[in-house]
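There are 2 protein chains.
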Amino acid sequence: MPSNFKLIYYNLTGRGEPIRMLLTYGGVPFEDSRFEWDDWPKIKPTMPLGQVPVLEIDGKRYTQTIPLCRYLGRMLKLDGKDDMENLAIDSAVEILWDVLKVAYERNWETSDEKKKQLDAKLHTLSPLLLGKLEEDVKRNGGFIALNRITWADIVFLCSYEDMMNLVPEKDPFEGFANLRQLKNKLLENENLREYIKKRPVNKMMNRFSLISDL
Amino acid sequence: MPSNFKLIYYNLTGRGEPIRMLLTYGGVPFEDSRFEWDDWPKIKPTMPLGQVPVLEIDGKRYTQTIPLCRYLGRMLKLDGKDDMENLAIDSAVEILWDVLKVAYERNWETSDEKKKQLDAKLHTLSPLLLGKLEEDVKRNGGFIALNRITWADIVFLCSYEDMMNLVPEKDPFEGFANLRQLKNKLLENENLREYIKKRPVNKMMNRFSLISDL
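Those sequence lines, one after another, are chains A and B.
Just so you know, the first sequence maps onto residues 1 to 214 in full-length UniProt numbering.
Just so you know, the second sequence maps onto residues 1 to 214 in full-length UniProt numbering.
If we strip away everything but chain A, and leave its shape as in the complex, we get (with noise of 0.2 Å):
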């Protein structure tokens, strides 16, 4: 197992955080390298194809969230044990991705008639997708892609909280009795209490924080 990482993101959950949360939970320390939203000019020329968050696997960079989280969750035995489990995984983070990709799309959206289409196209996929996992969390005995937990439990837990954020007229875990069940005994983990109460404040925050359900 690599022995030293180092995360580089804005100070902000968004896809940094899957990362952030994974090592905190498996319990590999890592250097959580934040800049502030302001900074990201100067630093953008100097990160791999001008993305982040990057990374650093004993000094060597690395790109995309969720091949990282996949392989952070093999390093971490929170993969499957043979390829349909992993197909599971894949295909639960996947769905998760799916909705948070309209969510945050329609946050930015600065065309009026353009966010209304968005505001549409979420309200229908949010309680698709997401109930689609609430059936899959009440089959798997809690979880979300099979009867223990796997990395894509804790990419859900991200999941839950910037969909908080970024859904805000209307709670889209409501009636969802199971997923929120998840995300409590999710909270019960002792690394991830002592990270979400530690780690810093930031403005994709400013409606929800986990801390608040601690």
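Hints are computed from structural coordinates only; laboratory data are not their basis.
Among the hints, a few may not be true.
List of simulated lysine-lysine pairs, BS3-like, C-alpha gap at most 27 Å [to be verified]:
no. : chain 1 : residue 1 : chain 2 : residue 2
1   : A       : 6         : B       : 132
2   : A       : 185       : A       : 121
3   : A       : 77        : A       : 203
4   : B       : 132       : B       : 198
5   : B       : 132       : B       : 121
6   : B       : 6         : A       : 132
7   : B       : 138       : B       : 116
8   : A       : 121       : B       : 44
9   : B       : 203       : B       : 101
10  : A       : 101       : B       : 132
11  : A       : 114       : B       : 44
12  : B       : 101       : A       : 114
13  : B       : 44        : A       : 101
14  : A       : 197       : A       : 185
15  : B       : 115       : B       : 198
16  : A       : 6         : A       : 42
17  : A       : 101       : B       : 77
18  : A       : 60        : B       : 81
19  : B       : 132       : A       : 121
20  : A       : 77        : B       : 81
21  : A       : 116       : B       : 115
22  : A       : 44        : B       : 101
23  : B       : 6         : B       : 170
24  : A       : 114       : B       : 121
25  : B       : 77        : A       : 77
26  : A       : 77        : A       : 60
Knowing the structure of chain A, use the given hints to seat chain B on it.
For chain B alone, kept in the frame of chain A given last:
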């Protein structure tokens, strides 16, 4: 290994083609169930999450293109031999998907103003991301992620064809000799050649089809 595969998707390349091409490359027989665009409203309510592609594996239905490609990649031994190798494959695929997503978005966009923005985004992103892959292919002895063929190369081949159709005003692979060479090398595969000759022509290939490169 499961024995029964059926792919349900539009009569288009898009998100279905990498699954078709992987099964084809691996010599795995599958039912290629295609429907026309106009029939989608009838079919949508019968699909899990109202989405396609759907791959039926021994009668069970699965969605999500990339998780399915990863699954098939493992099944066909076109995956990495360890976590780091799989991270390289996953990252390459994410990069391909990132550039394709913008190309699709731009293609579908109806507002002139927004289309202009997406134009600008695509024309920055495409050379940057494809340029990164070009370097990777050069370093990897002709393949996109590792020093041998992986499922990322098959995803690349499909992305190549779609990009050629989605960015008609300029060849997006101009100047990327290694990517073009990789495409040509993949097209030497007999299974792929047979498939490409026989597959139905569809309206996504109105500008370019791999058949012209055989």
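Practice task
Give me the numbers of the hints this structure contradicts, sorted from smallest to largest.
Solution key: 2, 3, 4, 7, 15, 17, 19, 23
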